[in-house]
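**Student:** Chain residues, written in single-letter form:
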Amino acid sequence: MMTTKTAVEPVDPVREERTGKVREVGSQAIWSLSSCKPGFGVDQLRDDCMDTYWQSDGQLPHLVNIQFRRKTTVHDICIFTDYKLDESYTPSRISIRAGTNFNDLQEVEVIDLNEPTGWVLIPIKDIHEKPIRTFMIQIAVISNHQNGRDTHMRQIKIHSPMEFRGIGIEEFGNYVTVACQQYSCIR
Amino acid sequence: MIVQEPVQAAIWHCLNHYAYPDAIFLAERLYAEVDSDDALFLLATCYYRSGKPGQAYSILRNKGTSSPQCRYLLARCCLDLQKLSEAESVLTGGDTARSKSFDELVSEFGDQACFALQILARICSQTERRSKAAEAYVQSLKLNPFLWHSFEELCNRGEKPDPLRTFQVSHLENFSMCHGNNPVVNFVNSCEHSSCSSITNSSANTNEATVLNTISSTPIQLLNCFNTAPPSVRVFTPEESSLANPLNAGHSGIAPLPSTRGKSVRFRSIFSGGISPVTPSFGVQPLDSPSYCDSLQMAYLSPTLVPSTTLTEANDQKSLAKRVSSLRAHVGQLISRKETPLQQSKPVFSQTSNTSNTSNIVPTPSPTTPQAPLQPGSVRRSSRLFSNSYSVKENNKSPNRNKFVTPKSPSGKTKSRISKANRNKTSFSELNERNRSEKEKTETITSSDLKIISNNGGSVLNPIMQALQMQKQSSEGLMALLRELGTAYLHLSQFNCRKAIDCLNNLPPQHYSTGWVLSLLGKAYYELTDYQQAVRYFSEVREREPYRLQLMELYSTALWQLQKEVTLSTLAQDLVAQDRLSPAAWCATGNCFSLQKEHDTAIKFFQRAVQVDPTFVYAYTLLGHEYVTTEELDKAMSCFRSAVRIDARHYNAWYGIGTIYSKQERYLLAEIHFKRALSINTQSSVLLCHIGVVQHALQKTEKALQTLNNAIANDPKNPLCKFHRASIYFAAGRHAEALKELEELKEIVPKESLVYYLTGKVHKKLGNTHLALMHFSWATDLDPKGANSQIKEAIDPALNHSQAEEDTSTTHPGEDYPSEGSSAPQHESSQEGAEFVSMRDESDESL
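For the record, the sequence lines run as chains A and B. The first sequence begins at 6 in this note's numbering and counts up by one. The second sequence begins at 433 in this note's numbering and counts up by one.
Worth flagging that the hints you see were computed from the coordinates, not collected in a lab. The reader is advised that the hints may include incorrect statements.
Said to hold, decoys possible - Simulated restraints on C-beta separations:
#: 1; chain 1: A; residue 1: Ser-37; chain 2: B; residue 2: Gln-1005; range: 50 to 58 Å
#: 2; chain 1: A; residue 1: Val-47; chain 2: B; residue 2: Ser-517; range: 46 to 54 Å
#: 3; chain 1: A; residue 1: Gly-104; chain 2: B; residue 2: Ser-517; range: 52 to 60 Å
#: 4; chain 1: B; residue 1: Glu-975; chain 2: A; residue 2: Glu-120; range: 54 to 62 Å
For glycine and all other residues, C-beta sits at the position ideal for the given N, C-alpha and C.
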């Protein structure tokens, strides 16, 4: 399955997390990069700081591999890029691939970016519009703006949908009111 | 021996005044000089009390001492240092294979036996020997019914000790287990060697005459013994305080009569005064006044003092009786039980007149008291001797004893002040700040002493028997209170929360309004999932006793459940600022972050809670729940298992294991674990609800419905039980019942989107497309963010085309529910949810 979209609405992943609907699971994964300039690697990509960035150092496509220790539900991926700062380093087309390992990756999403500044949220859905469950996510930068060769990415976040508190309402979703939520579990 | 005594006395003196470095230094010198068991014990005590169990352990271990008091202290140190097997072998005599029976232990440790048994019980319960632990606790309670903690532990372990039988003093042959051996007797006996023979009233072999003769002088000298502390001014300033409590108003109402005799009142205020400045010298014997181990000393002292008082009081008896009766109206709003002591006080007075006739004891203590400071020699000695025989229990006693004060102010002044004071209200708030039980004890003692003396008609029979009688009567008040508290605690530990609440509500007001009782009430409501009430009580505890940390973790969880972010955050801040080593503080902080959805941070704080106290069960459970939310189920499972390992009755952890299994869709296992939790907390509607859901998932629909019916019967307020019942009805095709249930639910939780969603689904199934869409749109209104993407799905005709076709075939045209138009959620009264929803709306807009 492959869909092509142009840039998604700007969002703030931190606020997303605060609402309690998603949570960041990137910290549970092992991250690797196809290439990087020394000092501009995974640490910079994951440090919650928008001023530092990952800079690739090689041939296109540039890859970010995210391997989970267990099958993980991925709801969306948030990428922070800034065309104003990075210019030709800014990716223009990104492909998201999922699978169990490097050898069976399948493309689930391709998006085109047009001079993005800020967070880009890429929802990851299967054909039933449900979040996919996967062991591995690969983010591939297929092309950059102005035909740039290397790419800059400032932050990447992987979100998993939040499991509801309590049990037994799988087919319904979450309770909305405190009156109900307070009865939904014991602590 | 005599040479080193002043040194020991000095050391005890330092210890009693918390000058630990001095005490340690002196004890080390003494031990270097005199290599005896006593000196060793003294040194170890110094180390232990200054918070160095490791050092105490080392010296005791190296010396390999055999005296019971040293071994007891060694066992304590071992326990503190988590050397359980060593502690046990120290107590039971090294041979672990053939452990001694409790009787042997008792005979070996004498009056320390109850504490030794407590230690043994703790060891046993930590090493999974539950029955033996329980036995040891029971035994220790039997020896010393004052040991509340033993009772508490028994309850916590799931035993059901009978509080009515436990808290009795009548079976005690003597109080040596509770108070230690009589220090006065020891004092006297040892004084026989020295020349100070005047104090012989308590030794059994002295004849009556001597007793009577010596009595007049006794108080002074005994006072001298106590006179180590500088006279406290507070004794004579009861008027500072004001009394909020009607019962005490009663006290002070009676008290003015004797207070016309400045001397006598003042004399008693020596006893009450050192400990409690506010207590009227006598009057009502409070049934619930706790008395602790040191009551004995005072009980011994009082008879010598009281006669003079009672004499004078006897004259006023009639008017007093009147006052009592008039008072009763005033105290009328009190619990009826409270009145009995008032009535009892009459015979006390009438008999005191007998006392005056038969006994010629008219010591006028007031002129003698000022002499007290003039006799420093005996002071020193006696205080040392007391401490000497009492090494281990020193802690309880010393502060009181040292506060006994020789009154200095002239009697006239005292008189006026005290009578004034008595009219004044005495403050209970001030009492609260201190160890109030200690204070009230004096109340009991003085008044009961009166009674005893009068009963005996002033003739001194067997002083020891008399003392015992006296002690029993005076401790009866405490025992009555303990019985009530015990009943409440037992109910709570069995999760009969409503009964526990009833018991606690019946407590006398001065005890009801303590942090301990209020936090127990909070816990009881918490277990009933009535978080609003729980928060109310806990916040009252915070107000009254902001320093209280016990059970505050439950407060934080209740706030978490109610999603009160601000209060929770304040609580967390305050608790951490107050004590960084308290697990409750870190649990509160963890809960705070968990509510902010910062689960990783929350995990860190819960780990800290575990770190500061590895035996704190609840922290493991909270950590487990946090791991469940971050879906690290393995870690969560190990946390819950640790919790269960530490306390098998911690039902929250069993519940946690159940949630993990149900997440993994292993419903059978989930059911087993939920039921395990339920077997501990049998009343929990939330647990029943979960079991019902799991049973439904296991296709046991009938059982599930039965369980849910149970749950609803237990807690009619729980909306989730009804919701699940509705959804089971719906799944079972009983649409009419489902709709009825949902209608009721709309009344309870008018803002809950899911209720409308489910109603919509039912209507859709019934083919009432219009009603279905109406409900779906309400559901979307209430949850605009669409976390429940199912709603969209349900509305979207394209997605549901096939399903809709299928529906039409099963529609029952007769079941048409046109009535819902009135219950549009927008017009519902604002309940708890209203604020929340509107808050969410705002935040959504601002996004």
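**Student:** Look at each hint and say if it fits the structure.
**Tutor:** Now the hints, each set against the structure:
no.	hint	verdict
1	Ser-37/A <-> Gln-1005/B: 50 to 58 Å	41 Å, violated
2	Val-47/A <-> Ser-517/B: 46 to 54 Å	49 Å, holds
3	Gly-104/A <-> Ser-517/B: 52 to 60 Å	54 Å, holds
4	Glu-975/B <-> Glu-120/A: 54 to 62 Å	58 Å, holds
Hint 1 from the earlier list is the only one contradicted by this structure; the remaining hints agree with it.
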